[in-house]
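Student: Here are the chains, one letter per residue:
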Amino acid sequence: MKSNKMKRAVKLSALGIVMLLLFVLLSWVMQYTAISSETHVRNFYREPENTLDVAVIGCSEMYADYSPPIAYDHYGFTSYNLAFEGAPGHLYSSMLDTFVSRQKPQVVVFEVNGFFYNNDHPYKEGVKRKWLDSMKKDKLWVEEIKKEVPEGERSPYYVGLLKYHDNWKHPMMLASRQYLLWQNSKGDVSMMKSFGTRTTTDSAKKKTPKRVHKLKEYGITNITATMEHCRELGLENVLFIRTPHKDKLTPEVDEELKKLITDAGYDYVNFENDENIGIDEKMDYYNGDHLNVFGNEKNTIYLGKYLVDHYDINTTHDEAVDKQWHECAEYTYKVFDELKKKTLEEEDDQYNEFSDLSEFTEKLKKKYAEFKNSDSAT
Amino acid sequence: MSYTSINYLLYVAVCLLVYRIIPKTKRWWVLLAGSMGFYGILCREHPTLILFILMTAATTYGGGRWLESYIEKSDEYIKSQKGKWSKEEKSAYKDKVTVGKKRICASVLVLNFGVLAFLKYFNFFADTINSVTGKGTVPNLGLLLPIGISFYTFQSMGYIIDIYRKKYKAERNYLKFLLFVSFFPQIVQGPIAFYSDLAHQLYEGEDLRFQNIKQGVLLITWGFFKKLVIADRLVGAVQTVPNDCDSFSGTAVLLTALIYALQLYADFSGGIDISRGVAQLFGINMAENFKRPYFSKDISEYWHRWHITLGAWLREYLFYPVAMSKPFQKMGKALKAKFGMKISKVLPVSIASLITFLVVGIWHGANWKYVAFGVWNGGIIMVSTLLGSNFENWKKKLHIENTNKMFIAFQLFRTFLIVLVGYYFDIAPDFSTAMHMMYMSVTDLHPAELLNKEFLASMTLGRSDILAAFVAMVVVLIVSLKQERSETTLREQICKKHFVFQSLIFILLFYAVVIFGSYGPGSNPADFYYMQF
Chain A
1 MKSNKMKRAV
11 KLSALGIVML
21 LLFVLLSWVM
31 QYTAISSETH
41 VRNFYREPEN
51 TLDVAVIGCS
61 EMYADYSPPI
71 AYDHYGFTSY
81 NLAFEGAPGH
91 LYSSMLDTFV
101 SRQKPQVVVF
111 EVNGFFYNND
121 HPYKEGVKRK
131 WLDSMKKDKL
141 WVEEIKKEVP
151 EGERSPYYVG
161 LLKYHDNWKH
171 PMMLASRQYL
181 LWQNSKGDVS
191 MMKSFGTRTT
201 TDSAKKKTPK
211 RVHKLKEYGI
221 TNITATMEHC
231 RELGLENVLF
241 IRTPHKDKLT
251 PEVDEELKKL
261 ITDAGYDYVN
271 FENDENIGID
281 EKMDYYNGDH
291 LNVFGNEKNT
301 IYLGKYLVDH
311 YDINTTHDEA
321 VDKQWHECAE
331 YTYKVFDELK
341 KKTLEEEDDQ
351 YNEFSDLSEF
361 TEKLKKKYAE
371 FKNSDSAT
Chain B
1 MSYTSINYLL
11 YVAVCLLVYR
21 IIPKTKRWWV
31 LLAGSMGFYG
41 ILCREHPTLI
51 LFILMTAATT
61 YGGGRWLESY
71 IEKSDEYIKS
81 QKGKWSKEEK
91 SAYKDKVTVG
101 KKRICASVLV
111 LNFGVLAFLK
121 YFNFFADTIN
131 SVTGKGTVPN
141 LGLLLPIGIS
151 FYTFQSMGYI
161 IDIYRKKYKA
171 ERNYLKFLLF
181 VSFFPQIVQG
191 PIAFYSDLAH
201 QLYEGEDLRF
211 QNIKQGVLLI
221 TWGFFKKLVI
231 ADRLVGAVQT
241 VPNDCDSFSG
251 TAVLLTALIY
261 ALQLYADFSG
271 GIDISRGVAQ
281 LFGINMAENF
291 KRPYFSKDIS
301 EYWHRWHITL
311 GAWLREYLFY
321 PVAMSKPFQK
331 MGKALKAKFG
341 MKISKVLPVS
351 IASLITFLVV
361 GIWHGANWKY
371 VAFGVWNGGI
381 IMVSTLLGSN
391 FENWKKKLHI
401 ENTNKMFIAF
411 QLFRTFLIVL
421 VGYYFDIAPD
431 FSTAMHMMYM
441 SVTDLHPAEL
451 LNKEFLASMT
461 LGRSDILAAF
471 VAMVVVLIVS
481 LKQERSETTL
491 REQICKKHFV
501 FQSLIFILLF
511 YAVVIFGSYG
521 PGSNPADFYY
531 MQF
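Residue numbers (the working numbering), protein chains in the order written: chain A, 1 to 378; chain B, 1 to 533.
Keep in mind that the hints were calculated from the coordinates and are not lab data.
Quick reminder that beta carbons are idealized off the backbone N, C-alpha and C, glycines included.
Treat the hints with care, as some may be off.
Pairs of lysine-lysine, BS3-like flavour, derived with a Cα cap of 27 angstroms [claimed, not checked]: (1) Lys163(A) <-> Lys166(B); (2) Lys139(A) <-> Lys128(A); (3) Lys82(B) <-> Lys166(B); (4) Lys96(B) <-> Lys326(B); (5) Lys496(B) <-> Lys11(A); (6) Lys169(A) <-> Lys73(B); (7) Lys5(A) <-> Lys497(B); (8) Lys205(A) <-> Lys128(A); (9) Lys298(A) <-> Lys363(A); (10) Lys104(A) <-> Lys340(A); (11) Lys5(A) <-> Lys496(B); (12) Lys497(B) <-> Lys7(A); (13) Lys24(B) <-> Lys5(A); (14) Lys7(A) <-> Lys496(B); (15) Lys5(A) <-> Lys26(B); (16) Lys137(A) <-> Lys104(A); (17) Lys73(B) <-> Lys167(B); (18) Lys11(A) <-> Lys453(B); (19) Lys5(A) <-> Lys214(B); (20) Lys405(B) <-> Lys345(B); (21) Lys7(A) <-> Lys326(B); (22) Lys11(A) <-> Lys345(B); (23) Lys73(B) <-> Lys169(B); (24) Lys5(A) <-> Lys207(A).
Okay, the calculated bits of chain A under chain B, using three or more residues with CB under 8 angstroms as the criterion [claimed, not checked]: (25) 124-130; (26) 270-279.
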């Protein structure tokens, strides 16, 4: 009798384990937010703990305009773009918490674009999910869901399959995500530390609308909250920046931002009007809001210099860390060289840190483009 | 808390756990607490609605006790008068007792059916009177219908009639009776149980058995599969097209009726599977409510396979009493004298059928379309009963055997068509729209539309939704065919196989629900259709 019960318990446990494993597998396979946002966040967790000197937090402007490996190559400090497309300012505190949970940054840089969302964008489910679904499933994740999602709507965030199970309707999308994640998983760390660009000087596919930025209640409240949070964490070296944009902030908004931030004891720099960077408006942007690889390199060198000139950054690292970062820089230069060629050819394709630039893939892409052209011609 | 929610499954799990650790004699308390708790959660926005179920239980319980004691006292008195009374005196007393019994029984029936009818039909009559008079003389009270009122009222009234018929002893314990009335797996949409079938199972406190749990879990998962993968994927079309049928073609209307046939079956039978599965976890076997109704060869058979427990209840407490009542017997005799034996036998039964189906129609709701639904079904049965012998003669003349496959296919198609016509009354907002939709379905057909993606999208159907529901229906069809040819249930057969096979079936079914089910954010979750009755 007892052995029968034991047998049954073993069988049921085995079934339970299989069910659980399948559940975890399906939850992983069915999820889809935006692959680039997902990798930018996930790759952060692949960085060895306490090896990053500078935290860079923001939205697409950061991973398009700033390259941590190039900054390392020039100035020796390590950094990471914890950033994703359309990241709203009210999530910056959570992003900072995530950063400091694994790293001890000597300087924290925030790009201010996330504070200019004066519509419902910051609270859209898709925006929240880009962050929440890519975070590591730990205490911070649970706390952030509680903060961001009203009670009664949280279950699909805790159990992703409740939301994503319907993705079976898009098998190609799921397959492409798996392929790109596989590409991204190569190596111990992300070689480009979160990166995204388009190979053009004026994208026809990803245009940005002309915008006049105003600092309204959302921005003021969340900049203030972010700075208060920095103070709670005891952070002293905090820099708010505005990366170069074609549509510049008005002097009034620039002044308002400066006053708000400097009055709180933190630093603010607007690089939009700084001609010393050497940005060529015609050649160095891929659209109104983002620099291309030419602009990225110039901006990285300039911002990196600003950081080492204004903050006392200790750039001493373990030998292994330095070795890895050298490899990353070398790889990044190679990729940049390729992308520069493609930019001059006005290819206008998107590239991220996981993009495959191998000859084989390039040939495939060319063939596909030819096929597409001939198909549309007929 | 819907039967398809995770909260409900957790609720059942907690009840099951407490049920397991409580001594056998006290287990019915767990079921009662679980049932009251569940009903309380259902009525949390309008807690006063709980009073209705308590009232029904109290009046039926009290009526049952009163009736039984009246019968016992009368019987004792008759015994005590043995040898003292003449035959006439005894007969007169018995008549008096019968009248007394009837009065007690009728008072309980009138009170409870009266409450049901008042809550269900008052607004309809108020609106009808106001529209006829053109004045707002009768106020619309905006009455709310307590969840499950039809089901628990029917179940309770069956009990009081059985006590009247001296089928069993009246329940002595009000709380036990309340459990019979409110047992939570069935409270929302049945199945309607007979007291003699269900009560003893509720009170026995059966030990939890692994076999029951396995079969129960399998049945619950199957119910989820039908409800979430088929019914809820297709419900959008059923909710959209009939309310604005003129914006659609006849093809869309016909397709909607066909979809409704599948959607309703998946919804109702899926819900019942969940109810029966949960009951089985506790070792309680509830009556089957569906036996593959679309395999019926005639409409009579269909009504023996569809909503079986309501049909059984109506036969037991309405059809037979009406067909065997004195006026009907008199009618039979009169008909025999005028038209002969055949008509005298068939016509009263046909009229009793018609009355029964009229009640079925009205039970569905206060709307002329439901009356038409009842008349349609009852009328078809009436005609087929009256012409039954003629059909047999034609068959003989045409040399058609009952086993002929083509003939069987014809019978299945014919029955489905009759059922389908009835469904138009169900889905249309009113009687005239139902007729209009039927007209459109035969005069405005453009089959090529079915290949048009936009056509399906206008009916809120995506191709992937149709694909998922279609594959799921094929699975249901295969299971139904297998079940039709088998004497034991399929889940019993599965549970006898090797553990790996059992697990595989369960895993496939479970993850089919998880992946292909329509639930979660962005879905259009629909309540169980029969919940509204």
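Student: Are the hints correct? Go through all of them and say.
Tutor: Results of checking the hints against the structure:
With a C-alpha separation of about 56 angstroms, the suggested pair Lys163(A) and Lys166(B) falls outside the 27 angstroms cut-off, and the hint is violated. About 17 angstroms separates the Cα atoms of Lys139(A) and Lys128(A), which keeps this hinted pair within 27 angstroms; it holds. Simply put, Lys82(B) and Lys166(B) have alpha-carbon atoms about 21 angstroms apart, close enough for the 27 angstroms limit, and the pair holds. A hinted pair counts as satisfied when its Cα atoms are at most 27 angstroms apart, and Lys96(B) with Lys326(B) qualifies at roughly 18 angstroms.
Between Lys496(B) and Lys11(A), the direct Cα distance comes to roughly 15 angstroms. Compliance with the 27 angstroms bound is thereby established for this hinted pair. Distance check on the hinted pair: Lys169(A) and Lys73(B) sit about 70 angstroms apart at the alpha-carbon level, beyond 27 angstroms; violated. Distance restraint check for Lys5(A) and Lys497(B): the Cα-Cα separation of roughly 18 angstroms lies within the 27 angstroms cut-off, and the hinted pair is therefore satisfied. As the CA atoms of Lys205(A) and Lys128(A) are separated by approximately 25 angstroms, the hinted pair is consistent with the 27 angstroms bound.
Simply put, Lys298(A) and Lys363(A) have alpha-carbon atoms about 30 angstroms apart, too far for the 27 angstroms limit, and the pair is violated. Distance restraint check for Lys104(A) and Lys340(A): the Cα-Cα separation of roughly 34 angstroms exceeds the 27 angstroms cut-off, and the hinted pair is therefore not satisfied. Annotation: proposed proximity of Lys5(A) to Lys496(B) holds, straight-line Cα distance about 17 angstroms (limit 27 angstroms). Between Lys497(B) and Lys7(A) the CA atoms are separated by roughly 16 angstroms; this keeps the pair inside 27 angstroms, and the hint holds.
Of the supplied pair hints, the one linking Lys24(B) and Lys5(A) holds, its CA atoms being roughly 21 angstroms apart against a limit of 27 angstroms. Taking the CA atoms of Lys7(A) and Lys496(B), the gap is about 16 angstroms. The hint holds against a cut of 27 angstroms. At roughly 26 angstroms between alpha-carbon atoms, Lys5(A) and Lys26(B) fall within 27 angstroms of each other, so this suggested pair holds. Distance check on the hinted pair: Lys137(A) and Lys104(A) sit about 21 angstroms apart at the alpha-carbon level, within 27 angstroms; holds.
Distance restraint check for Lys73(B) and Lys167(B): the Cα-Cα separation of roughly 17 angstroms lies within the 27 angstroms cut-off, and the hinted pair is therefore satisfied. Our distance criterion of 27 angstroms between C-alpha atoms is broken by Lys11(A) and Lys453(B), whose separation comes to about 47 angstroms. The suggested pairing of Lys5(A) with Lys214(B) holds, with an alpha-carbon distance near 15 angstroms, which does not exceed 27 angstroms. Note on Lys405(B) and Lys345(B): the hinted pairing is violated, with a Cα-Cα distance of about 32 angstroms set against a maximum of 27 angstroms.
Our distance criterion of 27 angstroms between C-alpha atoms is broken by Lys7(A) and Lys326(B), whose separation comes to about 64 angstroms. For the given pair, Lys11(A) sits about 61 angstroms from Lys345(B) by alpha-carbon distance, which is inconsistent with the 27 angstroms threshold. Using a Cα cut-off of 27 angstroms, the hinted pair Lys73(B) and Lys169(B) holds, with the two alpha carbons roughly 14 angstroms apart. Simply put, Lys5(A) and Lys207(A) have alpha-carbon atoms about 66 angstroms apart, too far for the 27 angstroms limit, and the pair is violated.
Counting residues of the segment 124-130 of chain A whose beta carbon lies closer than 8 angstroms to any beta carbon of chain B gives 1, which falls below the threshold of three, so the coverage claim is violated. For the segment 270-279 of chain A, the assignment as covered by chain B is violated, since 0 residues bring a beta-carbon within under 8 angstroms of that chain's beta-carbons and 3 are needed.
Hints 1, 6, 9, 10, 18, 20, 21, 22, 24, 25, 26 from the earlier list are contradicted by this structure; the remaining hints agree with it.
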